[in-house]
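Residue numbers (our numbering), protein chains in the order written: chain Y, 62 to 317; chain X, 189 to 439.
Hint data in this document are derived by calculation from the structure and do not stem from the laboratory. Note that the structure is predicted; figures quoted are calculated from it, not measured. You may find that some hints are simply not true.
Ranges between beta-carbon positions, derived for each pair [what the hints assert, rightly or not]:
id : chain 1 : residue 1 : chain 2 : residue 2 : range
1  : X       : V349      : Y       : G231      : 24 to 32 Å
2  : X       : K400      : Y       : I273      : 32 to 40 Å
3  : X       : F422      : Y       : D292      : 35 to 43 Å
4  : Y       : E124      : X       : G329      : 24 to 32 Å
Ideal Cβ placement from N, Cα and C applies to all residues, glycine included.
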Amino acid sequence: MSAVPPNYLKGRIAVVTGGCGGIGRAICRRFHAEGAVVYATDVASLDFSESNIHVLHHDVGSEEDAKAVMAHVAAEHGRLDILVNAAGIEIEKTIEETTLDEWNQSFSVNVSGTFLTSKHALPLMRKADAGSIINFGSYDGFIADPSLAVYCATKGAVHALTRAMACDHGPEGIRVNAVCPGYVNTPMLQSFFGESGNIESLKQAVRDVHPIRNYGEPEDIANLVNWLAGDEARYASGQLWIIDGGLSAQVQQMRL
Amino acid sequence: MSRLDGRAALVTGGRQGIGRAIVDAFVAEGADVATCGRGKRPQDLPPTLGWRQTDVSSADDIEDLRIEMLDRFGGLDILVNNAGIQIEKTLLDTSDDDWDALMGVNAKGVFMACRAMIPLMKRGGVIINIGSISGNVADPGIALYNASKAFVHGLTRSIAVDHGPKIRCNAICPGWIMTGMADAAFAVADDPDTAKADALARHPAGRFGQPKDIAALAVWLASDESAFTTGQCFTVDGGMTSASPLNPGLF
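If we strip away everything but chain Y, and leave its shape as in the complex, we get (with noise of 0.2 Å):
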């Protein structure tokens, strides 16, 4: 049984960045089953079997392309109602062994992504009777994973801006919020997984990790942006929404 309404995005334009990704793709089909026309934005590109998922080139970090997203879903629908702000990557390094275009590389895709396609679709969400922005932090952006310096610092950016738009365009009808996933079984979380050399023992170690005991699966996380795309979290705007597992509500755990 679904918490939402059958077809709860019947009819909605929607574009979803990284939306060929292992978390974007999961958003990309929910969106779909629920009726909205899709526009899976990506720098790949995935043969979706669905009919009303489009394909389109987008390097979040490329001002151009943005323009040229939003020209296209201008072109066939006059306005967008939902963006999903789901490009990101991760560099797994200390700020020592950090280059700053490695620094400027991340804060290229995962914030000025988040800002340059938020900037060019405001024209089009206007046109629509309720828009929702749903941008992608990180529980990373309240704690810190080791390693991940960089990463860490653009999840609190992307934090911080959703508040910010959030405060701006409220008052314009447009919602902005950010989901904050944990680990999520992206090819992500299974490069993790195969450095080890049991990667059995470790699937159940990180799983015991977690209150719920068990790590998250892309899904899960769709099933919340799907949430706030929609009308039942209308009154749901510039809060960050931690999707876990529990993991970052508890203390670390000792092995006594």
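Dock chain X against chain Y, hints included.
Just chain X now, with coordinates in the frame of chain Y:
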């Protein structure tokens, strides 16, 4: 000149641990200190310091303490609400008596002490509450303790808002502060050395906390150095809660 010269201070729960470290630090900074606890006066407490046998969950005991502060100091400048207890039970195992005991000390005790002592702070004053990282994130199996510390954090903000500018009120949220109790916990682990190494690895500071680490912040918060600081809950945990509970390096 010492930072707390001539200030009259009351520290609840001053027999041992964090409370006693705050008492000693305040004395070293020139304060006139009184403290209290549920037992008899500790043998090693310097004779110039006041001690009153007190259960902070008792309204009568708090009233006696208030009168003693008036008699002893003619008022009060600094109140540290440190007295607290912990009951290691989940919600379903917790009885009404457990609730009364724990919330009586950790929540009602702080409330009653503040209500009694704020009127004594005629020159203005400072309140320092001992909260906990467990009031921000949960430790398993101590549900009411976690909740009681969240109460302390909320009350801290309310006092700062309602009773400023005369009263400044802040909370300190300690992490793992090592006492004899912690060593006992490692001793019963399957592999005490591994357990201790694992716990240490979760502290960016590379060590566990000491009561004096908390006392150091209490002195600063009690002093005029922190004159613009109020309504905040400050974590002192060696960096532990800044890191994710899931540390791949420790698998």
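Here is how each hint holds up against the structure:
Between X:V349 and Y:G231 the beta carbons are some 26 Å apart, a value that agrees with the proposed interval 24 to 32 Å. Roughly 39 Å separates the CB atoms of X:K400 and Y:I273, a value that falls within the hinted 32 to 40 Å. For X:F422 and Y:D292, the hinted distance range of 35 to 43 Å is satisfied, since their beta carbons lie about 41 Å from each other. Between Y:E124 and X:G329, the C-beta spacing of about 53 Å breaks the proposed range 24 to 32 Å.
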